[in-house]
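Work out the full structure, taking the sequences as your base and the hints as a guide.
Going down the list, the protein sequences come from chains S and B. Per the numbering used here, the very first residue in the first sequence carries number 1; after that it's consecutive. Per the numbering used here, the very first residue in the second sequence carries number 253; after that it's consecutive.
I should point out that these hints are in silico values taken from the structure, not numbers from a laboratory. Please note: incorrect hints may appear among the correct ones.
[To be verified] Distance ranges between label pairs, derived from CB positions:
#1 B:LYS514 <-> S:ARG15: 23 to 31 Å
#2 S:PRO77 <-> B:SER500: 50 to 58 Å
#3 S:PRO77 <-> B:PRO528: 37 to 45 Å
#4 S:ARG15 <-> B:ARG316: 33 to 41 Å
#5 B:GLU312 <-> S:CYS45: 52 to 60 Å
#6 B:GLU258 <-> S:ARG61: 22 to 30 Å
#7 S:ASP80 <-> B:GLU261: 37 to 45 Å
#8 B:LYS519 <-> S:ASN72: 31 to 39 Å
#9 S:GLU243 <-> B:GLU327: 33 to 41 Å
#10 B:THR352 <-> S:THR18: 56 to 64 Å
#11 B:GLU258 <-> S:CYS45: 27 to 35 Å
#12 S:ARG15 <-> B:GLU293: 22 to 30 Å
#13 B:VAL376 <-> S:ARG15: 40 to 48 Å
#14 B:GLU312 <-> S:ASP62: 55 to 63 Å
[Claimed, not checked] Simulated crosslink set (DSS-like; lysine-lysine; CA at most 27 Å straight-line):
#15 S:LYS52 <-> B:LYS380
#16 S:LYS210 <-> B:LYS519
#17 B:LYS514 <-> S:LYS210
#18 S:LYS218 <-> B:LYS514
Keep in mind that this is a model prediction, so the values were computed, not measured. Note that beta-carbon positions come from the ideal geometry of N, C-alpha and C, so glycine has one too.
Below, each chain spelled out in residue letters.
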Amino acid sequence: MEAAMDLMRRMPPGRAETALNALLSLIPDHSLDLLSQVDLPLQVCMDKESVKEYILCEYNRDADSYRSPWSNKYDPPLEDGTVPSEEMRNLEVEANDVFSVYRDQYYEGGISSVYIWEDEDESFIACFLIKKDGEGKRGHMQIGSWDAIHVIQVGPEEEGAAHYCLNSTVMLSLTTDNKQSGTFNLSGSIRRQMSMTLAVADGHLVNMGKMIEEMEGKLRNSLDQVYFGKTREMVCTLRPPPEVLNRRLPDS
Amino acid sequence: MSDGEEKREIAVWFLSNAPAGEIHYVAKDVRALLGDEAVYEAAAAEAFPEHNKAHLVALELPDRSGDIIITTYGELDKNNYLDPRTAQVATVDHIKQKCTKLRPAADEELPSAYIEDFRSALDVELSKYVGEAYPKGVCAVYCTSGKDIEGPGADFRFAAVISAAKRSPQNFCNGNWRSIWTLEFIDGLQLVEIKGKIQVGAHYFEEGNVQLDTNIDCKDSTILQSPEECAVSITNIIRHHESEYLSSLEESYMNLSDATFKDLRRKLPVTRTLFPWHNTLALSLTRDLTKELAIGK
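This is how it looks when you write it as structure tokens:
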């Protein structure tokens, strides 16, 4: 598994799906680990009943069907498909509504889905997904996509507080392609973890929402400042811009 | 397809997709995953030479007289590569990425004196430029067609290759710059047609995996003159296009953080304040109300 995950850190992010399939056929015994640890760009499906799009992932899949968070139904239809308990489903419905508003305010578009289900020992897991494809209305990007996956494990309530463990991944791809500047592709994924124990007085949704908002801000910042900064720095190390060359001492 | 054959193809795929300077790490992982030495060796024997040529890998010559670039232009056979500057042929171990032997090139492997005048003049000018512009850059000029022409009256072709690589695994960062310029000396038109392809790659992989992959094609031309005059004007053209490209990369990065990123996800919501999670109950009630009203209409 270690070698497999190291390979995933080295393969071109745009070819993650091919790389994952290759790993699955090399080490089929680790299929479950691979599928849960390797993140792929998110796929979208249309809920025909509520005419709304939703995101597909491992968490709303049962056999070959996926459950829509809007209608709570599986597509293709599944008679005995697992659904969350009533309590969890109520939270899921609310979370989807609120998260849509959050998504709209930060992403000005895009698609979001939230899936919630019971875990062992009175704890539960919530998965928040956002997919945004950008045409670049400000006119610089030709194809861009941002896929965010947030999985929160919420522990049982003890003395009015609960433990929240958040695992987040953002996958980003930016491409420009024109005659003047050629093909420019910058893409990648980063993963971060955050744990907190918070009072439940305001409700789980407020706590989870705040954590995700903080995390998304951090991830966006890291991608922008650190990751793009580092690759840009690399380009300037390979072929320093004239102002850097002029500043350098002759023998350094 | 047999099981071994499929595994070999997968291994080759991973190796050929290795970022600059990381093929050995990829090879180590692939070897561990395969658990089959014979399959690994077959895959490595196929993938390493292709990787080395595609990435214009530079290897130190055994006599320390400089570096040799592994390219199809200098390839005599699978393991032997011509270094046109020193007129030597190096035997290469692709997997170890080392030169194992060196011999003087035979006369028939080298261009005529007439062609060599053009080639070496360009090599001198280009080396000067590469030395100034690329801290870790190497370059070479090959004659790719017409090497036996004895004097004016016929067409010939060169390939000028520039390769600069930086490995910094301790900082989780690797990258390379590759340019290939093909020069067509057309005697009838007294013209040199210049075509270039520049590729830049960078990989940053601390707690993530971010890769830059860019390329551009350029076209230009100059008048066919004396070897020295050609060398100067061709090098000026290459310098011009490569500096322009660097500026365009810088510009792409600028646009990226300012505009492009904002198109995907804003730093702050449209409201310019953090999301009001505490008021979401009111928020979702309003939505419910709107929905009901919409239905009632």
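Quick rundown of the hints versus the structure:
In this structure the hint that LYS514 (chain B) and ARG15 (chain S) lie 23 to 31 Å apart at CB holds, the actual value being about 27 Å. Here the CB-CB span from PRO77 (chain S) to SER500 (chain B) is close to 52 Å, well matched to the stated 50 to 58 Å. Taken as a hint, the range 37 to 45 Å holds for the pair PRO77 (chain S) and PRO528 (chain B), whose Cβ atoms sit roughly 38 Å apart. Distance hint check: the CB atoms of ARG15 (chain S) and ARG316 (chain B) are about 39 Å apart, consistent with the given range 33 to 41 Å.
Checking the proposed 52 to 60 Å range against GLU312 (chain B) and CYS45 (chain S) shows it holds: the Cβ atoms sit about 55 Å from each other. One distance hint, 22 to 30 Å for the beta-carbon pair GLU258 (chain B) and ARG61 (chain S), holds here, with the actual separation near 27 Å. Take ASP80 (chain S) and GLU261 (chain B): their Cβ atoms lie about 40 Å apart, and the range 37 to 45 Å holds. Distance hint check for LYS519 (chain B) and ASN72 (chain S): the Cβ-Cβ separation is about 34 Å, which falls inside the suggested range of 31 to 39 Å.
A hinted range of 33 to 41 Å holds for the C-beta pair GLU243 (chain S) and GLU327 (chain B), which are about 39 Å apart. Between THR352 (chain B) and THR18 (chain S) the Cβ separation comes to about 35 Å, which falls outside the hinted range of 56 to 64 Å. Between GLU258 (chain B) and CYS45 (chain S) the CB atoms are about 31 Å apart, so this pair conforms to the stated range of 27 to 35 Å. Between ARG15 (chain S) and GLU293 (chain B) the beta carbons are some 24 Å apart, a value that agrees with the proposed interval 22 to 30 Å.
A hinted range of 40 to 48 Å holds for the C-beta pair VAL376 (chain B) and ARG15 (chain S), which are about 41 Å apart. Checking the proposed 55 to 63 Å range against GLU312 (chain B) and ASP62 (chain S) shows it holds: the Cβ atoms sit about 58 Å from each other. Distance check on the hinted pair: LYS52 (chain S) and LYS380 (chain B) sit about 62 Å apart at the alpha-carbon level, beyond 27 Å; violated. Only pairs whose Cα atoms come within 27 Å are accepted, and LYS210 (chain S) paired with LYS519 (chain B) is accepted, the gap being roughly 15 Å.
A hinted pair counts as satisfied when its Cα atoms are at most 27 Å apart, and LYS514 (chain B) with LYS210 (chain S) qualifies at roughly 21 Å. For the suggested pair LYS218 (chain S) and LYS514 (chain B), the alpha carbons sit about 15 Å apart, so the restraint of at most 27 Å is met.
Going down the numbered hints, you'll see the structure goes against 10, 15, while the others check out.
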